Amino acid sequence: MKNDFRARNHPAYWAFIVHRASGLLLAIFLPFHFWALGQALNGAQALDGFLLWTQQPLVKFGEIALVALLAAHMAGGVRLLMLEFLAWRDWQKSLLAVAAGVSLAAGLAFALNVV
Amino acid sequence: MSFRAQVLLWTAQRVSAMVLGLCVVAHLATMIYAVRHGLSAAEILGRTHGNYAWLAFYMIFVAAVAIHAPIGMRTIVAESFGWRGALVDLAVLVVGVALALWGWRAALAVFG
Amino acid sequence: MSLLRVSVWRGAEAGEFRAYDVPRQESQTVLDVVTHIQRNIDPTLAYRFACRVGMCGSCAMNVNGKARWTCRTHVADVAIDGVLEIAPLHNLPMVKDLVTDMAPFFDKMARAKSSFKGSRTRADEFARVMPDSPRRKEVDAAIECIGCGVCYSACDVVTWNPEYLGPAALNRAWTLVNDVRDVTNDERLAAVAGDAGCHACHTHMSCTERCPKRISPTAGIAGLKRAVAAAVLKGRL
Numbered sequence: 759m760k761n762d763f764r765a766r767n768h769p770a771y772w773a774f775i776v777h778r779a780s781g782l783l784l785a786i787f788l789p790f791h792f793w794a795l796g797q798a799l800n801g802a803q804a805l806d807g808f809l810l811w812t813q814q815p816l817v818k819f820g821e822i823a824l825v826a827l828l829a830a831h832m833a834g835g836v837r838l839l840m841l842e843f844l845a846w847r848d849w850q851k852s853l854l855a856v857a858a859g860v861s862l863a864a865g866l867a868f869a870l871n872v873v
Numbered sequence: 083m084s085f086r087a088q089v090l091l092w093t094a095q096r097v098s099a100m101v102l103g104l105c106v107v108a109h110l111a112t113m114i115y116a117v118r119h120g121l122s123a124a125e126i127l128g129r130t131h132g133n134y135a136w137l138a139f140y141m142i143f144v145a146a147v148a149i150h151a152p153i154g155m156r157t158i159v160a161e162s163f164g165w166r167g168a169l170v171d172l173a174v175l176v177v178g179v180a181l182a183l184w185g186w187r188a189a190l191a192v193f194g
Numbered sequence: 333m334s335l336l337r338v339s340v341w342r343g344a345e346a347g348e349f350r351a352y353d354v355p356r357q358e359s360q361t362v363l364d365v366v367t368h369i370q371r372n373i374d375p376t377l378a379y380r381f382a383c384r385v386g387m388c389g390s391c392a393m394n395v396n397g398k399a400r401w402t403c404r405t406h407v408a409d410v411a412i413d414g415v416l417e418i419a420p421l422h423n424l425p426m427v428k429d430l431v432t433d434m435a436p437f438f439d440k441m442a443r444a445k446s447s448f449k450g451s452r453t454r455a456d457e458f459a460r461v462m463p464d465s466p467r468r469k470e471v472d473a474a475i476e477c478i479g480c481g482v483c484y485s486a487c488d489v490v491t492w493n494p495e496y497l498g499p500a501a502l503n504r505a506w507t508l509v510n511d512v513r514d515v516t517n518d519e520r521l522a523a524v525a526g527d528a529g530c531h532a533c534h535t536h537m538s539c540t541e542r543c544p545k546r547i548s549p550t551a552g553i554a555g556l557k558r559a560v561a562a563a564v565l566k567g568r569l
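Chains as they are written, first to last, in this note's numbering: chain L, 759 to 873; chain W, 83 to 194; chain U, 333 to 569.
Just so you know, not all the hints are guaranteed correct.
Stated by the list, open to error - Computed list of lysine-lysine pairs in DSSO-like fashion (alpha-carbon distance at most 30 Å, straight line):
| id | chain 1 | residue 1 | chain 2 | residue 2 |
| --- | --- | --- | --- | --- |
| 1 | U | K545 | L | K760 |
| 2 | U | K428 | U | K566 |
| 3 | U | K449 | L | K851 |
Stated by the list, open to error - Pairwise CB distance ranges, derived in the manner of DEER restraints:
| id | chain 1 | residue 1 | chain 2 | residue 2 | range |
| --- | --- | --- | --- | --- | --- |
| 4 | U | P463 | W | R118 | 53 to 61 Å |
| 5 | W | L190 | U | R468 | 29 to 37 Å |
| 6 | L | Q814 | W | G103 | 27 to 35 Å |
| 7 | U | K566 | W | L169 | 53 to 61 Å |
| 8 | W | M83 | L | L799 | 36 to 44 Å |
| 9 | W | A111 | U | M462 | 46 to 54 Å |
| 10 | L | H768 | U | L335 | 40 to 48 Å |
| 11 | L | H768 | U | R468 | 29 to 37 Å |
I should point out that these hints are in silico values taken from the structure, not numbers from a laboratory.
Source: prediction; values computed, not measured.
For each residue, glycine too, the CB sits at the ideal point set by N, CA and C.
Just chain L, same shape as in the assembly (with noise of 0.2 Å):
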């Protein structure tokens, strides 16, 4: 028998999901950013014919998407690099706030300047 959402629903769990997920989207995205920023040993126009496609209102969602999940999985690490290098206190549990607050404002602050 496992243990289902009753026994994960706790912050440190969503934690650590929100962690594992966007590691591994970004981990999925990365050979396709490589590729996109490779299209400039085409030359200039060939980078942007590919920036063009990105003006597309799904794919700036995804962009927007892509850097809330970069924070977020940034912020996250930085919180776990805290709470396994620096001997453990009480406020443990406020860095997961603070690690929230940060990938929010980060993911808000590329959508207002990408829209």
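Based on these hints, arrange chains W and U on the given structure of chain L.
Below, chains W and U alone, put in the same frame as chain L:
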């Protein structure tokens, strides 16, 4: 894999994470700045063309990701599908090398 | 007299939840409920308990999906709309009904080198360990573990990684790593390192969430990660 090698993998993942923490903050800041008034090849390449500082930054960034992501993926496939062993370790190493080569190619592409 | 609708796991790996109607009482605990079923409804129900006052940890089971001590779980706190689901602890072989085989749990304790080994004899002076020393404080925060298995049941890494030593074994190892009298800490750190050891912990903190003694195995495991890394970098492992 010996426990010593496993500890070194964990350490490499954490150290690359620290490097990435810095790189990602810089990358996010750059992105947020760059997308204002739209993104264009001219704008990107204008910043990175012939710029050794950006090249160095991106090459370090790519190296750190090429270490960090495959070790994470190794854990995910082990825990989600039960795939463990030398073959998985080799596959994950290949992914890491591929990411490094593709990423450095991209960094050089925008360097010009 | 109102009734509780109680689902209890019957059988072993091949088994099912069976429903029982149990009279609701004031200040009733989940252990009271299980006992009522076995004594008044179905004597074939197998379950464990001993002290029934929150000291031994024998009555640990899964109640509505969460591992806990049934003698210290008030029905009023967990029965939503008068419904209760009682199952055996997770991650352990099922013996019968609510009884699991605790052997793998204790085997992993042994694999984590969780027994003390000193170097002094009765002929030597007592070791002096100041209670407010930093290492003794680390030990104090983790020493009250009674090996009930709740954290082990709650841990998803134990589910996903069968070789993983688990929170209790690693927590116990941490108390010994901080015991200044112990002389086997290099072997102990080697025993708790790697994919089956402390490095597999993902800080889900389900163990900390569920521990009835309010221990945080996650804190000890993080300490082990630091201790192992330091030992490897210094060439001691």
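Task: Structure versus earlier hints, numbers of those that do not hold, lowest first - done: 2, 3, 5, 7, 10
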